[in-house]
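Following the hints, put chain B in place on chain A, whose structure we already have.
Chains A and B supply the protein sequences, listed in that same order. Start counting the first sequence at 2; every next residue gets the next number (this note's numbering). Start counting the second sequence at 65; every next residue gets the next number (this note's numbering).
By construction, these hints were calculated from the structure, which means they are not laboratory data. For glycine and all other residues, C-beta sits at the position ideal for the given N, C-alpha and C. A hint or two may mislead.
[To be verified] As a list, the in silico DSSO-like pairs of lysine-lysine whose alpha-carbon atoms are at most 30 Å apart:
1. B:114 x B:135
2. B:135 x A:184
3. A:184 x B:114
[Claimed, not checked] Derived Cβ-Cβ restraints for the label pairs, each shown as a range:
4. B:127 x A:151: 18 to 26 Å
5. A:145 x B:123: 46 to 54 Å
6. B:123 x A:192: 24 to 32 Å
7. A:149 x B:82: 23 to 31 Å
8. A:61 x B:119: 24 to 32 Å
9. B:147 x A:190: 20 to 28 Å
10. B:79 x A:37: 24 to 32 Å
11. B:69 x A:106: 57 to 65 Å
12. B:66 x A:176: 28 to 36 Å
13. B:82 x A:28: 31 to 39 Å
14. B:133 x A:34: 22 to 30 Å
15. B:123 x A:84: 49 to 57 Å
Listed below, chain by chain, are the residues.
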Amino acid sequence: MRTPTPHPAPDAGATDALNPENLDGHTIEELSAYFDAERTPTNFSIESSPGCQIALNALGRLRELTERDLETQAAAEPAPPDGWVQSIMDRIALEAQAGRGIPISHPLPTAHLAMSEGVVRGLIRAAGDSIPEIIVGRCVLDGDVTTAGQPITITVDISVAWGENLLQAAERARNVIHRQLLKHTELNISAIHITVQDVRFARLQRAEVDQS
Amino acid sequence: MTSEALQDRLTDLVLTNPDVVTIYPIRPTRIQIASRVLSAAAAQPGRRPKAVLSTTAAGTAVEVSVGVTGKRPAPAVCRELHDSIHAELTNAHAAPPLSITVKISSIG
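In isolation and in its complexed conformation, chain A is listed as follows (with noise of 0.2 Å):
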């Protein structure tokens, strides 16, 4: 685990979110609030982008993690800075577009087989998000991914609650990082770096949070 720092630095990479071309002409908050509004009417030019499915998959874990989060905050400290959620909706666009093909190994020469990078990205996020105590900020595939058994490294940021042991949440993420990948694509992972980016107020049980 590398040194954890407090906050976020600026990520220039980051503001390329802002560009509609990054979600196939739509932007995140065009999605977040086609999220709010229960996806109704059906949008679709959204509904068939997968890069806007993989960002609406993120997004609504994202304000389901926030939300609890907000809840336990609410009772006792002031809120984060809007620009944490923003940050990480950002990098959710980011990483949603398709990027590089990623190859899958058929026999046949005529058989082209890929998945897309932004699927990659969206596993990780996914499987990093679904340990309660973190969410997923960013997630970087170093290396040539187009090119079979070329080594790969992976980059993830992560936030994990206050008075989660770091260590621990960071080797959790790691591990089930690591069995997504290892069953959905045939990368050759030569590590999976996990840097602890903040920490958040802990996460209360829904029936903890209604009692304060």
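Here is chain B on its own, set in the frame of chain A:
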């Protein structure tokens, strides 16, 4: 069998795979300036995205972009889809496959 009928058959074949959630429209990945127009044109209600089939004298090319459930490993599902398309082309006595492209575009 007409090309359109074969295209529909291949589309149905892909969609009947229990691990496939949807077929996505095939879009140019690098030419995104007009992507909103393209995506709107490709995603009208009632116009379901299909496997893309192109046939020339040299052979047949098929391309399909799918979302899968994630219950089974995506590479296995991808290969299974390829093999079923390949078999269908053979059964339909279509021109020999030049290329069969299957892309996993979303999981879960």
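The hints, checked one at a time:
1. With a C-alpha separation of about 23 Å, the suggested pair residue 114 of chain B and residue 135 of chain B falls inside the 30 Å cut-off, and the hint holds.
2. The straight-line distance between the Cα atoms of residue 135 of chain B and residue 184 of chain A is roughly 10 Å, inside the 30 Å bound, and the hint therefore holds.
3. Taking the CA atoms of residue 184 of chain A and residue 114 of chain B, the gap is about 27 Å. The hint holds against a cut of 30 Å.
4. Judged by the Cβ atoms, the range 18 to 26 Å given for residue 127 of chain B and residue 151 of chain A holds: they are separated by roughly 25 Å.
5. At roughly 30 Å, the beta carbons of residue 145 of chain A and residue 123 of chain B sit outside the given window of 46 to 54 Å.
6. Under the hint 24 to 32 Å, the C-beta atoms of residue 123 of chain B and residue 192 of chain A, about 42 Å apart, miss the expected range.
7. Look at residue 149 of chain A against residue 82 of chain B: about 27 Å separates their beta carbons, and that is inside 23 to 31 Å.
8. Here the CB-CB span from residue 61 of chain A to residue 119 of chain B is close to 41 Å, at odds with the stated 24 to 32 Å.
9. For the pair residue 147 of chain B and residue 190 of chain A, the beta carbons lie near 27 Å from each other, so the given range of 20 to 28 Å is met.
10. For residue 79 of chain B and residue 37 of chain A, the hinted distance range of 24 to 32 Å is satisfied, since their beta carbons lie about 30 Å from each other.
11. Between residue 69 of chain B and residue 106 of chain A the Cβ separation comes to about 32 Å, which falls outside the hinted range of 57 to 65 Å.
12. The hinted range of 28 to 36 Å is not satisfied by residue 66 of chain B and residue 176 of chain A, whose Cβ atoms lie roughly 52 Å apart.
13. Checked against the hint of 31 to 39 Å, the pair residue 82 of chain B and residue 28 of chain A passes, with Cβ atoms roughly 34 Å apart.
14. A hinted range of 22 to 30 Å for the beta carbons of residue 133 of chain B and residue 34 of chain A is consistent with their spacing of about 27 Å.
15. Distance hint check for residue 123 of chain B and residue 84 of chain A: the Cβ-Cβ separation is about 54 Å, which falls inside the suggested range of 49 to 57 Å.
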